[in-house]
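Novice: If you want the building blocks of each chain, they are given just below.
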Amino acid sequence: MMRFIHLLLSFHFGALCMADTKSALGASATTLRVEISEKVPASLAVVFSDEGYLLTKASEIGPSTKVQLVLPEGSRVKAREVRRDLNLDLVLLHVDQPHGLKAPTWNESKSLGLGQWLMAPQGGEQIMRAGVVSARRRAISSSGSAIGIQTDPTKLDHGVRIDFVIPDSPAAAAGLKADDVVLSVAGELIDKGQGLRDLISRKTPGDEVEIFYLRSGNELKCLVRVASRVRIEAKLSDDDYANGGVSLRSDRFPEIIQHDISLAPTDMGGPLLNLQGQAVGINIARVDRVTTFALPTEVFLSEVEKWIREDKSRESSGKP
Amino acid sequence: MLDVQGLESKDFNSAELLKVQAQVQATLPMASRALVSVESGDGAASGVIVSPDGLVMTAEHVTSEPGRKLFLRLADGKKVIAIALGVDRATDAALMRIEGARMNWPHVEPCRDLREARPGAWCFALGHPGGYDGKRGPVLRVGKVLKQTANGLQTDCVLMGGDSGGPLFNLKGEVIGIHSQIWQGRDQNVHVSVAPFLRAWDALAKSSVVRFWASGVGGWAGLMTRKSVGGELEVEDIAPDSPAQKAGIRKGEVIIAVNDEKVRSQPEFSEIIRSRPTGSIVALQVRGTRGERRVTLKLGTQPEEP
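One line per chain: the protein sequences are V and G, in this order. 0 is the number of the first residue of the first sequence in my numbering; add one for each residue after it. 3 is the number of the first residue of the second sequence in my numbering; add one for each residue after it.
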């Protein structure tokens with residue numbers, strides 16, 4: 000850790016320039032850890048504005064999940080979900096007290112070229128990693144959605160039998176096993192494997208679906224988080240050592256910056272910084288061993304400002 | 003990819019980073035034009051054009067056999083056909099040639115002085131990880147050399163499937179290595195250096211299959227290995243009067259570990275043997291028809307080839 004601090008000192012970063020570990024954590028008040036429960040990290044959140052608004056990655060937090068933010072000194076604070084945007088895969092959060100949060104300087108990203116240095120915070124320790132813009136800026140179309148099961152084509156009276164559950168997939172995480180018989184998904188009865196696949200594929204990665212299934216004659220239910228199909232397929236081959244896994248959702252983005260900083264899925268939602276320490280985007284998907292995607296500022300800046308204006312007028316009209 | 007924590011802070015400052023950035027960006031256009039994607043039927047891989055008449059450096063595990071026909075995709079997306087030339091089974095080096103009479107292929111130069119590719123030297127990797135993607139284009143990784151061995155380089159330029167056979171460059175834009183294999187760690191990215199290419203260039207260009215390294219420093223066991231159908235390291239042949247023969251190792255046996263460290267690939271095995279001086283003792287865990295056993299052998303010196 001100390002070495003890292005020295006390193007940042009040699010950068011002369013302004014906001015990120017720091018003298019010791021304590022102030023290192025202080026400086027990281029531009030980025031907070033998001034937990035879905037005590038010590039279970041989900042993502043990072045970057046402070047968007049000094050009035051207590053923060054952004055994080057939507058699909059790492061289930062729509063029904065109450066999240067808490069970890070403040071620099073270690074205490075937890077509840078955050079209100081202001082807005083969830085499935086197009087950008089962002090959630091806007093708000094905390095009532097400012098807690099010393101400081102928004103980074105948001106800057107344009109259009110001028111970033113291939114090979115340009117970038118930095119991003121990683122993990123609870125707030126290690127800063129560096130890397131470069133590694134491929135062309137572009138849109139990422141949908142690969143469809145999946146939960147990681149293969150079904151038996153044999154026709155049953157009711158439901159579809161699971162043949163195989165891909166290890167480390169959303170289905171495995173929800174406790175589904177081979178030989179379970181899926182009866183319904185998100186309230187729709189299932190009688191064919193194809194129907195099941197189509198239904199799942201229409202969902203957005205990050206969505207939660209309720210699945211009723213039969214196991215040894217007992218009817219059970221579980222909540223399964225839907226993932227990008229490309230992620231499930233990568234899990235199937237599983238030979239690329241993604242180091243810490245890949246994001247549930249890694250596609251259908253209007254525009255991304257691709258970089259080579261090795262981050263974990265739980266580091267998404269944190270800022271992507273240029274060498275001057277200005278934020279040029281938000282890390283939005285860990286894709287594979289060599290790829291991380293970030294949403295460029297141009298894609299969300301004015302949109303988020305609009306959400307905040309709407310929220311403020313809603314709040315003020317609600318409180319006479 | 004660069005692990006900031008792993009760098010020596012005294013050598014690391016934004017001025018140096020910006021200098022590296024400028025050099026990478028200056029050489030990148032030419033380097034990208036020389037990069038090719040390879041479709042071999044076993045999956046996607048990469049390669050790099052290194053002569054105006056279309057010689058392409060790639061990995062042995064990409065071309066497999068001399069004479070094989072492979073489809074290449076150029077930087078602009080155009081498809082051309084290449085024929086596999088020689089392969090070096092010991093180091094994973096291979097050459098191929100693009101078909102046709104064209105004499106002005108966009109190309110880069112292989113580095114002829116590897117002394118600068120020392121640990122700590124900046125480098126960058128190009129390739130088509132996951133296969134060719136026209137919208138994405140070539141994928142860049144900038145990092146440092148972590149280790150240099152007789153025939154290999156290890157860097158923190160993170161690689162994955164599809165990068166195999168792609169080029170590793172120094173900041174002058176010369177090829178210093180070819181992507182060969184990865185282990186789990188982010189910093190475990192292994193490249194064949196240009197050394198075995200340069201040593202055997204004529205033989206490779208004549209479509210020879212090279213199995214032994216040319217004589218030089220380092221230990222010699224006298225074992226030729228290949229990957230078995232089951233993905234294990236199988237003894238293909240044993241040189242007469244070699245340490246391996248004296249130790250009683252037989253053709254068809256499987257090498258499991260060297261000095262209790264598991265070995266999984268030919269380049270890895272070769273590297274372990276090669277990195278030890280003549281006269282050192284190594285213990286091999288070998289599986290034959292009668293089960294596993296441990297044999298020790300004293301490494302010799304590679305005989306001069308006629």
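Since the hints were made in silico from the structure, they are not lab data. From the three backbone atoms N, C-alpha and C, an ideal C-beta is built for every residue, glycine too. Fair warning: there could be bad hints in the mix.
[Said to hold, decoys possible] Every beta carbon over 10 Å from chain V, so not counted as near; a handful from chain G, in silico:
1. G69
2. P108
3. F126
4. P131
5. G132
6. P140
7. D165
8. I184
9. S277
10. T280
11. S282
[Claimed, not checked] Cβ-to-Cβ under 7 Å is the rule here; a few derived chain G residues that face chain V:
12. Q23
13. Q25
14. L30
15. G139
16. V141
17. L142
18. V144
19. L148
20. V297
[Stated by the list, open to error] Calculated cross-link-like contacts (lysine-lysine; reagent style BS3-like; alpha-carbon spacing at most 25 Å):
21. G:K137 - V:K109
22. V:K176 - V:K311
23. G:K300 - G:K264
24. V:K101 - V:K154
25. V:K109 - G:K229
26. G:K229 - G:K248
Novice: Tell me if the interface restraint on G:V144 is satisfied: Cβ within less than 7 Å of some Cβ in chain V.
Specialist: holds, 5 Å
Novice: Is the Cβ of G:S277 farther than 10 Å from every Cβ of chain V?
Specialist: holds, 24 Å
Novice: Holds or violated: are the alpha carbons of G:K137 and V:K109 at most 25 Å from each other?
Specialist: holds, 17 Å
Novice: Interface hint check: G:V297, Cβ to nearest Cβ on chain V, cutoff 7 Å. Holds or violated?
Specialist: violated, 31 Å
Novice: Evaluate the condition: distance from the CB of G:P108 to the nearest CB of chain V exceeds 10 Å.
Specialist: G:P108 clear of chain V: closest Cβ-Cβ about 17 Å, beyond 10 Å.
Novice: Would the hint on G:L148 be counted as holding, given a Cβ-Cβ threshold of 7 Å to chain V?
Specialist: At 15 Å from the nearest chain V Cβ, G:L148 fails the 7 Å test, so the hint is violated.
Novice: Quick one: work out the minimum CB distance from G:I184 to chain V and report holds if it exceeds 10 Å, violated otherwise.
Specialist: violated, 6 Å
Novice: Is it correct that the beta-carbon of G:S282 has no partner in chain V closer than or equal to 10 Å?
Specialist: holds, 31 Å
Novice: So G:F126 supposedly isn't at the interface. Is its beta-carbon more than 10 Å from every beta-carbon in chain V?
Specialist: violated, 8 Å
Novice: Does the no-contact call for G:P140 survive, Cβ to all of chain V over 10 Å?
Specialist: violated, 7 Å
Novice: Answer holds if the nearest beta-carbon of chain V is closer than 7 Å to that of G:L30; otherwise answer violated.
Specialist: holds, 6 Å
Novice: Restraint: G:L142 near chain V, CB-CB cut 7 Å. Satisfied or not?
Specialist: The hint holds - G:L142 has a Cβ within 7 Å of chain V, the shortest such distance being about 5 Å.
Hints 3, 4, 5, 6, 7, 8, 13, 19, 20, 22, 24 and 25 from the list above are not met by this structure, while the remaining hints are.
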